[in-house]
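Here the protein sequences come in this chain order: L and H.
Residue 737 in this note's numbering is what sits at position 235 of the first sequence, and the numbering runs on without skipping anything.
Residue 733 in this note's numbering is what sits at position 231 of the second sequence, and the numbering runs on without skipping anything.
One or more hints might be untrue.
One side of the interface only, derived from the structure: several residues of chain H facing chain L at Cβ under 8 Å [to be verified]:
1. Arg505
2. Trp618
3. Gln691
None of these hints come from the bench; they were simulated from the model.
Every residue gets a Cβ at the ideal spot worked out from N, C-alpha and C, and that includes glycine.
Chain by chain, the residues run as shown.
Protein chains: 2
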Amino acid sequence: MTRVAVAQLALQVGRAEENRAAASAAVVEAAAAGARLVVLPELVNSGYVLSGPAEARALAEPVDGRTVSEWARLARAHDLVIVGGFCELAGGRVGNSQAMVDAGGLRAVYRKVHLWDAEQDVFVPGEDPAPVVDTVIGRVAMMVCYDLEFPEWVRSVGLRGADVLAVSTNWPASPVPQGERSVLIAYAQVAAASNRMFVAVADRCSAERGVGWVSGSSIMGPHGYPLAGPVLQDRPAVLVADCDLSAARDKTSGPRNDVHRDRRPDLYAAGETVSA
Amino acid sequence: MTRVAVAQLALQVGRAEENRAAASAAVVEAAAAGARLVVLPELVNSGYVLSGPAEARALAEPVDGRTVSEWARLARAHDLVIVGGFCELAGGRVGNSQAMVDAGGLRAVYRKVHLWDAEQDVFVPGEDPAPVVDTVIGRVAMMVCYDLEFPEWVRSVGLRGADVLAVSTNWPASPVPQGERSVLIAYAQVAAASNRMFVAVADRCSAERGVGWVSGSSIMGPHGYPLAGPVLQDRPAVLVADCDLSAARDKTSGPRNDVHRDRRPDLYAAGETVSA
Numbered sequence: 503m504t505r506v507a508v509a510q511l512a513l514q515v516g517r518a519e520e521n522r523a524a525a526s527a528a529v530v531e532a533a534a535a536g537a538r539l540v541v542l543p544e545l546v547n548s549g550y551v552l553s554g555p556a557e558a559r560a561l562a563e564p565v566d567g568r569t570v571s572e573w574a575r576l577a578r579a580h581d582l583v584i585v586g587g588f589c590e591l592a593g594g595r596v597g598n599s600q601a602m603v604d605a606g607g608l609r610a611v612y613r614k615v616h617l618w619d620a621e622q623d624v625f626v627p628g629e630d631p632a633p634v635v636d637t638v639i640g641r642v643a644m645m646v647c648y649d650l651e652f653p654e655w656v657r658s659v660g661l662r663g664a665d666v667l668a669v670s671t672n673w674p675a676s677p678v679p680q681g682e683r684s685v686l687i688a689y690a691q692v693a694a695a696s697n698r699m700f701v702a703v704a705d706r707c708s709a710e711r712g713v714g715w716v717s718g719s720s721i722m723g724p725h726g727y728p729l730a731g732p733v734l735q736d737r738p739a740v741l742v743a744d745c746d747l748s749a750a751r752d753k754t755s756g757p758r759n760d761v762h763r764d765r766r767p768d769l770y771a772a773g774e775t776v777s778a
Numbered sequence: 503m504t505r506v507a508v509a510q511l512a513l514q515v516g517r518a519e520e521n522r523a524a525a526s527a528a529v530v531e532a533a534a535a536g537a538r539l540v541v542l543p544e545l546v547n548s549g550y551v552l553s554g555p556a557e558a559r560a561l562a563e564p565v566d567g568r569t570v571s572e573w574a575r576l577a578r579a580h581d582l583v584i585v586g587g588f589c590e591l592a593g594g595r596v597g598n599s600q601a602m603v604d605a606g607g608l609r610a611v612y613r614k615v616h617l618w619d620a621e622q623d624v625f626v627p628g629e630d631p632a633p634v635v636d637t638v639i640g641r642v643a644m645m646v647c648y649d650l651e652f653p654e655w656v657r658s659v660g661l662r663g664a665d666v667l668a669v670s671t672n673w674p675a676s677p678v679p680q681g682e683r684s685v686l687i688a689y690a691q692v693a694a695a696s697n698r699m700f701v702a703v704a705d706r707c708s709a710e711r712g713v714g715w716v717s718g719s720s721i722m723g724p725h726g727y728p729l730a731g732p733v734l735q736d737r738p739a740v741l742v743a744d745c746d747l748s749a750a751r752d753k754t755s756g757p758r759n760d761v762h763r764d765r766r767p768d769l770y771a772a773g774e775t776v777s778a
């Protein structure tokens, strides 16, 4: 069993110091609870509701800047794998990025490929596949927020053998019918079930410049049901769940079915013509 | 607005006469309620829990047999589009098939591509894309049960312009954690939301040879929330919802986002290598 943690944080745009401190406190809390993997939200250092490219650039840091360096220090000190989002300055460009660090240091940097709304003014989209990294606890995949709404993207890490998908997100709240929960939770469930892998979502809380959040931090098991969360309350939280990550190596969904082998990619391509 | 109906039926294996009568009664009820599209479950004529190939073959009918002919008669009489599943004999082979009829007669036959469990002993899998048919009410796509668990398959009809996806299903019940509903409902929600289309699921009820059912008949709107159902009770039901099917032509999910245009197929292919 591997104890997995997701941290729902109250971030504030432009308050890098407080944001970093909140993340570090959550990581220490998760480590004290026995976690080996800790997932943090999207854009931890900067906050999300940026006024534009100038503010984003002013808040961006290189991957060897204070935020990710602090995560690397914590990962080494507590023997953790940490995945978190940060506003990155790389080669003069600003990215909505996600870093993975472990006891050995930086393992991967991913830049969000699918950009939401005004992010398009601020960030350069990623052009590389979502990483699937072999770590001491298993194969950990990375993805940011809106990326999760593209089943093809989720499938791509599933097919490359991800045991757990770490999603750093800032899910903006939108109207939800009475008695329902945000459909974004369903996306996390289906990502897990359709690939028989674990999905660990770290969302955020605390309204920022008028934007509220789903606060849907959760850990889904490979059958698509929550092992922890979703929180769905506007408060900071550290959730943990004990995950048998080796279960994600078994893609059978029934005595004679397998969620990956049952695919028919020859036919999917045939269907992809757009009609008038 | 188009009134869409899904019929949750109490089918019984081997009782073709009663099964056909139940389907016809539900269609007449839906038509009386003003429906223009009626979706029926999977394998309406035969029932689902077949003992093997011999029983399936004995219960199978050609597409011009009594079951689909009766649907064509009802479609003509009430000016409906009807989509339903039936056990089909075609070219000496037995298929888990789905027919679409309208006032003009037979419009399409689809054979389930992704076969679940013992279906593999009984049915020949389909080898053709899921149909998207231009009808008087809009573009109606077709799919059967386990097909819905393959986001690629769902995407293929979304990209070909489906306004509403008609799913004929017999969802076998499996354990669901306290406070949750079957993850199969989440699949229907995500199918709708990720393609901004309507999804109309006709499931069944009444245990058959020891197998119970989700009874998850439901109509999802393009935001991924139920407009009717899910029933989640072991009883027959005819659900209706008024659907502005033209809304499915608009794939925007925000001021600057579009669920289809935001895709990055160049990168999805790159990610599809399977690691050791």
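Against the structure, the hints come out as follows:
Hint status for Arg505/H relative to chain L: violated, with the closest Cβ pair at about 19 Å, above 8 Å. For Trp618/H, the shortest C-beta to C-beta distance to chain L is roughly 6 Å, which falls under 8 Å, so the interface hint holds. This hint holds: Gln691/H has a C-beta 4 Å from the nearest C-beta of chain L, less than the 8 Å allowed.
Against the hints set out earlier in the document, a violation occurs for number 1 only.
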